[in-house]
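Colleague: Starting from the known structure of chain L, arrange chains P, G and U on it as the hints suggest.
4 protein chains.
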Amino acid sequence: MTTMRRWDMTGFGRWSLRLEQVPIPEPLPRQVLVKAAAASLNYRDKLVIEHGMGLVLGFPFTPASDLAGTVAAIGEGVTRVRPGDRVITTFFPDWIDGASAGSAKTVDAGTLGGAHQGILADYVALPEAWLVAAPRSLDFAEASTLPCAGLTAWFALVERGHLRAGQSVLVQGTGGVALFGLQIAKAHGAEVFVTSASGEKRERARALDADHAIDRDGWVGAVYQLTADRGIDHILELVGGAHLAQSLEAAAVDGRVSVIGVIEGYDLSAAAGQLLLKSATVQGIRVGHRRALEDLVRAVDVMKLKPVIDRHYALADVPAALDHLDGGPFGKIVITFD
Amino acid sequence: MTTMRRWDMTGFGRWSLRLEQVPIPEPLPRQVLVKAAAASLNYRDKLVIEHGMGLVLGFPFTPASDLAGTVAAIGEGVTRVRPGDRVITTFFPDWIDGASAGSAKTVDAGTLGGAHQGILADYVALPEAWLVAAPRSLDFAEASTLPCAGLTAWFALVERGHLRAGQSVLVQGTGGVALFGLQIAKAHGAEVFVTSASGEKRERARALDADHAIDRDGWVGAVYQLTADRGIDHILELVGGAHLAQSLEAAAVDGRVSVIGVIEGYDLSAAAGQLLLKSATVQGIRVGHRRALEDLVRAVDVMKLKPVIDRHYALADVPAALDHLDGGPFGKIVITFD
Amino acid sequence: MTTMRRWDMTGFGRWSLRLEQVPIPEPLPRQVLVKAAAASLNYRDKLVIEHGMGLVLGFPFTPASDLAGTVAAIGEGVTRVRPGDRVITTFFPDWIDGASAGSAKTVDAGTLGGAHQGILADYVALPEAWLVAAPRSLDFAEASTLPCAGLTAWFALVERGHLRAGQSVLVQGTGGVALFGLQIAKAHGAEVFVTSASGEKRERARALDADHAIDRDGWVGAVYQLTADRGIDHILELVGGAHLAQSLEAAAVDGRVSVIGVIEGYDLSAAAGQLLLKSATVQGIRVGHRRALEDLVRAVDVMKLKPVIDRHYALADVPAALDHLDGGPFGKIVITFD
Amino acid sequence: MTTMRRWDMTGFGRWSLRLEQVPIPEPLPRQVLVKAAAASLNYRDKLVIEHGMGLVLGFPFTPASDLAGTVAAIGEGVTRVRPGDRVITTFFPDWIDGASAGSAKTVDAGTLGGAHQGILADYVALPEAWLVAAPRSLDFAEASTLPCAGLTAWFALVERGHLRAGQSVLVQGTGGVALFGLQIAKAHGAEVFVTSASGEKRERARALDADHAIDRDGWVGAVYQLTADRGIDHILELVGGAHLAQSLEAAAVDGRVSVIGVIEGYDLSAAAGQLLLKSATVQGIRVGHRRALEDLVRAVDVMKLKPVIDRHYALADVPAALDHLDGGPFGKIVITFD
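Chains as they are written, first to last, in this note's numbering: chain L, 10 to 347; chain P, 10 to 347; chain G, 10 to 347; chain U, 10 to 347.
Okay, chain L solo, but in the shape it has when bound (with noise of 0.2 Å):
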């Protein structure tokens, strides 16, 4: 076998995507092959599909970073992997630790599916520095999630929160990332709290062992009285724009929001008094580094976290699996290769 499939985008939009038959890569010296098993999309795949969102892609494009695989075969110098080894893809493959790159003026937008070639395809070949080790624990499907979704919600509660049992953590929606962040913050002994405006949703949450799963309307309120007026700790802010004025209202002195989702919009707008009173903190989130990716590897092993897959799709079926984003799933989506 020398070809493979590959989703290619012509330029933007759904409809320039062409799942194309091409040659398998060759992996250069400290390139590994790696044979895709599954891939996991996330909201901004969508969004780079359908305008770029300002990145500059050399067409054809490939989208996704996320993928779980098995090295295939190794190029010259290879040494953190073996082939028959099971790896997962990082978002940043630069970033290995502590400080992130890019300068005030122009940020580092070197991810995988964004300044580099994506990975929706049944090959791939990528630098050795760019895989870490999946979990024992998980399959492939469940593997293929954590590269960017647990990640984020990882980093932003665990590397940059450090988060401790007995503190607060409020996620909004049931997306990938707060999905994460329920199950990250439950193994680390935290009291949580979900917001959605789905009846069903909130159920489900239940089911996932939030230990409050309110209605989005009004959810400040409620947070006060299920708080005694104490608060939250820690916020993952998932729906931006004039929301996080909500979010700081709600927020424990002393507390942190987390902003990662712009969903309602890239215009953050807030309260001073909230902020300055409370001595609240607002930090931005972009995925998180290679060391913090097999942090939380090691630890999806021991806390035994089963990450939550919607519904998996075939490879041929990546535009339905978009439209599925596009109704906001509960947890991840997932495209699987045979």
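Simulated from the structure, these hints should not be mistaken for lab results. One or more of the hints may lead you astray.
Copies of the same chain look alike in the list, so a pair counts if it fits in one copy or across any two.
[As the list claims (entries may be wrong)] Straight-line C-alpha distance at most 30 Å; calculated DSBU-like pairs for lysine-lysine:
| id | residue 1 | residue 2 |
| --- | --- | --- |
| 1 | K313 | K195 |
| 2 | K195 | K44 |
| 3 | K210 | K44 |
| 4 | K195 | K315 |
| 5 | K114 | K44 |
| 6 | K313 | K114 |
Modeller: Then chains P, G and U, alone, in the frame of chain L:
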């Protein structure tokens, strides 16, 4: 002598301020009687006098929080100070160290010259826990500037910001907090940027050892140029409102914006992209705790930091001092008692 | 009823302990009268009774520090508690939060049952600041185990150690601090190792959800094997002396050894190479501050943590309880008052 | 010119060092050819030459790690530097940021002049990732002192120690790391103590702005006296062995002892009481990572820090330079290439 002078508000507005002759208080158990030598005025005192900032004040109300003086007498059971000790007040007297009090709904407003009666009087009787030893290297006028303006800059840069040598710091304007920020940052080996609309004030900032004093017009572009696009690690946001957006544009990757002032309004706004892609932190600063004030006092003595006082006024001239505050002083305004 | 029972030492040695009938104290202003329900004994109480640990005690002296009970009456000016509240004591009553007191030469020894009279009595009158609300989810006997043993493990792992899910934690033995360490670590999603010389105690540790219970003989080698040479991120050093050297051998790169116990002696020794090449941290732990105890109380309620009590004794049976302490209990020894 | 000078060891012991004439290397892909201008010797180089410090060296072996020079040529794919750039080497070339590599059993020894060939040659070819831009404000001799001695002091005080103005810092002796510690601490606004057995060196330390230079005899008592018993916040332990016990006696409550040197032996010992009752931290320091070296470079330029060089030697005079190292230089020993 059994009576003393004290400024009392009988209601809101400057015209309601009266310099009264009242009895010298007696220190209760665990209280200390302080003979005032100097008091420092803050912009916030102006706002409390004008409209109370939403606080419920008990009239007659004595404004202001920052006092330096000498222990004149001690009540029963006092162990922290002795008669003759030189002391300064704390702004949030019940916030000793670590986490601050209050809830999400009702934040702690227990400040001197706020929920508590203020200090604009020849003598005040205060719980011993509310006092800190004055720095040995400062006179009373200088020492009186630390409890609010000095501590705010210190708390933002050092206690919360973990400032280190080689980092860049930008302060907006040349008021009390800004100039403390400049001096504290220089003493930590940082590279300091000051913005000001006034050429003369920029000159004076340079004389205080600012590395760069730049015009408020187009300051973000100037920062890009002066830092080769790297941006600023620590920004003291003293303007507020929509100005926060500019601070986030000027921030370095992993940069920190400490929100302190709200001159341009209480409605903060900013672009989510800047916050997310830079992993930036926006942190509300509410002065600081007693332990940090003690740290600042020790640091002032070691650094040989001399607070910048724009003008001294006699106690009788508080109204003129408030007028000066309106105009935007260069550094601090101090009231001296003789 | 105007009298109560109280254990008094008239000098050092267990034979000098007497259960006396004495007047019930009155709460002074800002004091609280607590009716005792349960007290927990620590190894340190044994040492204080036997030789005072170098402390200057005022005889008759009442030992022990950890009390759970009900507010029976309050003195003038008390605001933190109300009659009927369920409360526990703090070990270092003047250490509220943040930095601790004392100097390089004379460290703070202001503990209950140390520099201050202890709590082994039907009623105690204490400053209100020395009390913390008991967890809602624990009975009095369980709640009494938190102030010293529970807080020590929490402070080492969480407050100082910033424990996170997926990390490895090792506790030495199965005493009170060790089992709290095990339970707190599991509740944070950590992988937990317990060492014990007793096969039966190892079995009981596994029943408490320890991932690995290993023999004290050759434990470092067992750790290498079980972690594929990675080592342990957090070690609670409860043995002391030359045993520290073994803990540093078992520590992971960037690992942390919290020194708590000194059963094998006060002369710590270790190889510099292990410390340097691993960038390891050795941290002395002296119980913890009140804010951390409040955090622990909230965490206990959220985590549903149930402290492990080896045996309950009646107040009259304190001598038998001390004998039990000699033998090395599995978890805590509690005195109940009825 | 196709050949160059290089110091080679053919075995252990100084007599096995030869200055050879060998071909100038070619940079491979992603490698950089650096033309040496200055190299700095460390005490560790002396030990590697004498007995290898337990490392398995491939003979002929070129010792030393700290090089400053100019990029002479670049291999294929190099993006971090350009010909003509002034650069310095990194000590642990694969440690970029954050967590360090290695396991509990086998720690990472991947240092230049250790597991990797060293740099005592007119030209060296190194992976581009192993280089950092030299500070603009230093000449080559000064710049060559940063990778090991400068970074060690910086890492202990700033990266791990979070040094702040007003804290006290004590360095033992007047070697390279000690004097960097003195200068970095002063640039952060700290109060600095230096111990030395030599009156003349104490005088020179005072000339470098040390606040207190004290005799090694009875230094702990002197610290108590000079700090009014408060003790020292940060101690650079450069002596090792049983001397650690004295450092812990001198440490302030919550103080930190960074263990760096082992002149008096590898068997550390100390009293548990000092460690526990002070909540002290003992931290092993193994130089530091590349990001911290980049931070130090920027700080050196902002602080205008000038490293202290005791003497310059020509490349041919390395044996004399090693003799000088035996005697304990005041600051650094530098080899210059011309």
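Colleague: Work down the list of hints and note, for each, if the structure agrees.
Modeller: Verification of the hints:
Taking the shortest Cα distances, K313 and K195 sit within 30 Å of each other both inside one copy (12 Å) and across copies (12 Å). For a Cα distance limit of 30 Å, the shortest separation of K195 from K44 qualifies neither inside one copy, at 34 Å, nor across copies, at 36 Å. Taking the closest pair of Cα atoms, K210 and K44 never come within 30 Å of each other, the shortest separation being 35 Å inside a single copy and 47 Å across copies. Taking the shortest alpha-carbon separations for K195 and K315, both the intra-copy value of 12 Å and the inter-copy value of 17 Å come in at or below 30 Å.
Within a single copy, K114 and K44 get their C-alpha atoms no closer than 37 Å, and across copies no closer than 34 Å, so neither meets the 30 Å cut-off. In this homomeric assembly, K313 and K114 come within 30 Å of each other (Cα to Cα) only across copies, at 27 Å, whereas the closest approach inside a single copy is 41 Å.
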